[in-house]
Amino acid sequence: MTTMSDNPQPPTAIPPHGGHPHPTTKASRAVRVGNTSGPRAKPRLLVRLIAGAAIGALAGLAVAQSAPPATAAPASSAVTVSGRGEFKDMKFTVDQTTRLTSQAVTVSWTGGTPTTFAGTQFDTDFVQIMQCWGDDDGTVPANPGPARTQCQYGASPTTDRSSWPGNGQDDTRQIFYSADPTNYGQDNRYGAGNPNAPGEVPFKSVDGTTITTGTQNNKFFSRNTTNEVDFARTGADGTGKEFFEVQTANEAPHLGCGVPVTTNGVTRPRSCWLVIVPQGHLDLDGKPYADQSQVNAGSPVSSTNWQNRVAVKLDFNSVGTNCPLGADERPTTGSELAADAMTSWQTTLCSAGKVYSYTEFGEPDTRSRLIADGSTGLAFTTRRLGADPGTTAPSGTTTYAPVAVSGAVIGFTIERRSSSGAPASEERLDGTKIESIKLNARLVAKLLTESYRSSTWGSVISGKAAKGYGWARTNPSGLATDPEFVALNPEFAYLSVAETPATDTDLLTSLGHSDTARAIWRWILADRDARQFLAGVPDDDGMRVNPYYSTNADLNPSGTAFDPSSADDYPKSDPWCTIPPGSGAPATNKQCMIDFHPYVEDMHAGALHARRADTLWKSSWDPLATPPAYKNSGPQIVGSRFVITITDAASAARYGLQTAQLKNSAGTYVAPTTAALTAAAATATGSGVPEVTPANATAKGAYPLTELVYAAVRPGKVSKAARQDYAALLRYASGAGQTQGADPGRLPYGYAPLSKKLRDQAGRAADALVAYTGPTSAGGGGSAAGGTSASAGGAAGSAGGTGGTAGGVGTGAGGAGASVSPSVSASYDGGQAVATTAAGTTPADPASPLRYAVPVGAALGAVAGVGAPFAGGRLSMGSAQTAVRRLRARRGWSRSSPRP
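Those letters in the sequence shown? Residues 78 to 977, per this note's numbering, in order.
These are calculated hints, taken from the structure and not from any lab test.
For clarity, every value in this text was computed on a predicted model and none was experimentally measured.
Treat each hint with caution, since some may be false.
Stated by the list, open to error - Below 35 Å or equal to it, Euclidean Cα-Cα: the simulated DSBU-like pairs (lysine-lysine) are:
{"#": "1", "residue 1": "Lys364", "residue 2": "Lys318"}
{"#": "2", "residue 1": "Lys296", "residue 2": "Lys318"}
{"#": "3", "residue 1": "Lys165", "residue 2": "Lys390"}
{"#": "4", "residue 1": "Lys667", "residue 2": "Lys777"}
{"#": "5", "residue 1": "Lys165", "residue 2": "Lys318"}
{"#": "6", "residue 1": "Lys165", "residue 2": "Lys515"}
{"#": "7", "residue 1": "Lys281", "residue 2": "Lys168"}
{"#": "8", "residue 1": "Lys544", "residue 2": "Lys667"}
{"#": "9", "residue 1": "Lys834", "residue 2": "Lys777"}
{"#": "10", "residue 1": "Lys834", "residue 2": "Lys797"}
{"#": "11", "residue 1": "Lys708", "residue 2": "Lys777"}
{"#": "12", "residue 1": "Lys281", "residue 2": "Lys515"}
{"#": "13", "residue 1": "Lys364", "residue 2": "Lys165"}
{"#": "14", "residue 1": "Lys834", "residue 2": "Lys515"}
{"#": "15", "residue 1": "Lys515", "residue 2": "Lys797"}
{"#": "16", "residue 1": "Lys390", "residue 2": "Lys544"}
{"#": "17", "residue 1": "Lys390", "residue 2": "Lys296"}
To be verified - The following label-pair restraints were derived from C-beta to C-beta distances:
{"#": "18", "residue 1": "Asn220", "residue 2": "Asn271", "range": "26 to 36 Å"}
{"#": "19", "residue 1": "Val343", "residue 2": "Ala570", "range": "50 to 60 Å"}
{"#": "20", "residue 1": "Asn341", "residue 2": "Asn220", "range": "23 to 33 Å"}
{"#": "21", "residue 1": "Arg605", "residue 2": "Ala570", "range": "25 to 35 Å"}
{"#": "22", "residue 1": "Ser497", "residue 2": "Asn629", "range": "53 to 63 Å"}
{"#": "23", "residue 1": "Lys777", "residue 2": "Ser159", "range": "43 to 53 Å"}
{"#": "24", "residue 1": "Gly397", "residue 2": "Arg266", "range": "32 to 42 Å"}
{"#": "25", "residue 1": "Thr193", "residue 2": "Gly613", "range": "47 to 57 Å"}
Don't be surprised by glycine CBs; every beta carbon is placed ideally from N, CA and C.
Work the whole structure out from these sequences, hints included.
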């Protein structure tokens, strides 16, 4: 099989600012939008895609779809609006306002006055941002915008506010009535019934339901689900920037953004608004606040503050069914790395009349499924069938086609908070985001092996280590204070980080088995320093590996060496359990490592939670809950956020995450740019289905965690009509589908377009499917909507290909035909803590399908039993993840266009 060749590409796969299309940036990938929403990582399973209606139209469609890829250069949808009154010198820019899905956009501003504080609270000159629905209310003809009752705002914490930077009015909907207001925060409409007590600005949902009281924690949105930005800082130079999470009706049904609505016979997705309310240092009379020692700002939705609001219209991609209901489907399944691309391609392919369902599975599970049953259709994989231990490639022909170049990234949200004694130049940057960090394989190994002192929370208190945890006593508390990390990232010597399980002691990782996890462990093993660290050799500053992850059996308390060479997941091996210090929880309610470091559902969920700065740790004990339980306190506080995650490049681009530069085999620190992904893809090696391996990615500019995604079909197991439909999909994916852009049908940002050599290879694979004349035992190759059938790659083939397909398509005859059927029941070590997070530990979300995650987790917990948590064994959760995703598919949850 041929490998990727150099080809002119866009400068970056992930925008430098991590955002979306802008005159100098790019659009967020318009894909996985409805997928997850805060604690509700929306299941992004079933995506309907359409291509090719009748067999007679397929040839013509293929011609149109075979155009070479290019970087799209659409007119920018960035919008800049000026402020009014006190804020007339401010200009606010939203970098993407059309073709929106669930994603992040960048909101930036200039011409402001630097933010000031009263103690730890925001006092003057800050910015607040929210999302609203509805038509123009007509109050500001020069800047149309919505009614303030229709904005998602005011869900600040109701408890534990000691370190919260708000005053209870500027972060809520609370107001004080005055028929003739004289101060900001007063309201001339609401609260008149009791003018001597605080009132509330109601919230009206798109369905007409109105909440008039208790708006701070209402049935529609809460601290854990809102996307509001309560406090955004203006720097010393008068500028500021925030990444704002845009929500569709999938995440915020009470706003209804993107839902098709018909007006005067024309159906379009519902538009919404991004509203910015600046808070200043002058009162309504135009004079400075009289008392500067206290916070004077009031609610941004009060009538007095609302007069300064700046509104920007947001146009969304359609949310909901974009393909004909009831149509026959061609199932596709497999790698999450293909999910964003598939969901983007959907809307363009729909017009041709053939529906392609998509179900996400881990690649090892996908391959096993296709080996067991080739009639299930097309699967996405990064490796050939039979490549996994204990499996054998099936007999007969398997056709492979390269469809995407992606990769795993370390994404992060880190804000500067200067430490005592930091230079003034650093203090002036307080509250701004770190744009880049450097990580080597040993640092990532330290994070994945829970080797930082504060990772095993409570194992070392006041210098005294619990039994068996002496190794942790002298280890750095977290990444930010690790001398090795600081040497690579000197700025952190001047920053203060609260090093807890919720910040810099671990990576937010996804549940289950994947080729991405395998690639990361292989990258770690390719580095001599990282290998030695895992074997028990301390680093230059004396830090030691958590012995439960040691590859030296003599050091590992379990008596068995950890084997990262066979790992394709992120185990939680340490059995440490304790009552979190200071939580006040009873002695019977211990937390274990999976509680301190919960899994997320998948890499997309990791990106979303990193954007929200919510690690999902339920760190607070709530004795008033029924029954009493630990609870998630919600996203981290603005100004000191620190979350790092393993995600995919497309998800990072979608949610505007900054990404780490990783050290490659050439010793160079490389970011996941388009050029770096392309350079690594060109190093792919292997027969039939070449893989990118970190050790072989020796080009100086190669990104070490690049992954080449293939579509795999066993043509003898599907019908002739199915082969033609899959060929049409491959032609689009390798043709027009390789043009980068935010519009549906294009290649989302974060991917690198295929080289010409790889596109040609995919075209030959499509031709081979159509021309296949070998033996068949096929059904229709379709499934009912919501089905969870999967398929995976096939036997190793030579670069030239055999088995009746054109040369270079990666097709060949398989082996003995032994098959492996994956378990359909959850089977993993662990106890109650595992059961509660089997589907990903997330707070309740009444507005999202993920509200089923809790009962699903409970059901899986019954399988797990109530054994002692993590009794020294490795946590294996692939089958648990599969069970959850099967349930989601059965319920018919599907990605909308583009990627929910």
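Q: Measure nothing beyond the straight line between the CA atoms of Lys165 and Lys515; if it is 35 Å or shorter, mark the hint as holding.
A: violated (40 Å)
Q. Falls inside 25 to 35 Å, the C-beta gap from Arg605 to Ala570?
A. 27 Å Cβ-Cβ, so the 25 to 35 Å window holds.
Q: Could you say whether the range 53 to 63 Å given as a hint is met by the Cβ separation of Ser497 and Asn629?
A: Hint violated: Cβ distance 40 Å, outside 53 to 63 Å.
Q) Taking only the CA atoms, is the gap from Lys165 to Lys390 under or equal to 35 Å? A) Holds, at roughly 20 Å.
(Q) Would the hint linking Lys834 and Lys797 be met if the CA-CA limit is 35 Å? (A) Given that 35 Å is the threshold and the Cα spacing comes to 27 Å, the pair holds.
Q. When you take the CB atoms of Asn220 and Asn271, is the distance between them in 26 to 36 Å?
A. holds (33 Å)
Q: Starting from Lys667, check that the Cα of Lys777 is at most 35 Å away, please.
A: It is violated: about 48 Å lies between the C-alpha atoms, which goes past 35 Å.
Q) Regarding the pair Lys296 and Lys318, is the alpha-carbon distance no greater than 35 Å? A) Roughly 30 Å separates the two Cα atoms, so the pair holds.
Q. Is Lys515 close enough to Lys797, meaning Cα to Cα at most 35 Å?
A. Violated - the C-alpha atoms of Lys797 and Lys515 are around 50 Å apart, more than 35 Å.
Q | Satisfaction of hint between Lys168 and Lys281, Cα-Cα up to 35 Å | A | Holds: Lys281 and Lys168 sit about 29 Å apart, inside 35 Å.
Q.
Does the beta carbon distance between Lys777 and Ser159 stay inside 43 to 53 Å, or does it fall outside?
A. holds (46 Å)
Q) Going straight from one Cα to the other, do Lys390 and Lys544 come out at no more than 35 Å? A) Status violated; Cα separation ~59 Å.
Hints 4, 6, 11, 12, 15, 16 and 22 from the list above are not met by this structure, while the remaining hints are.
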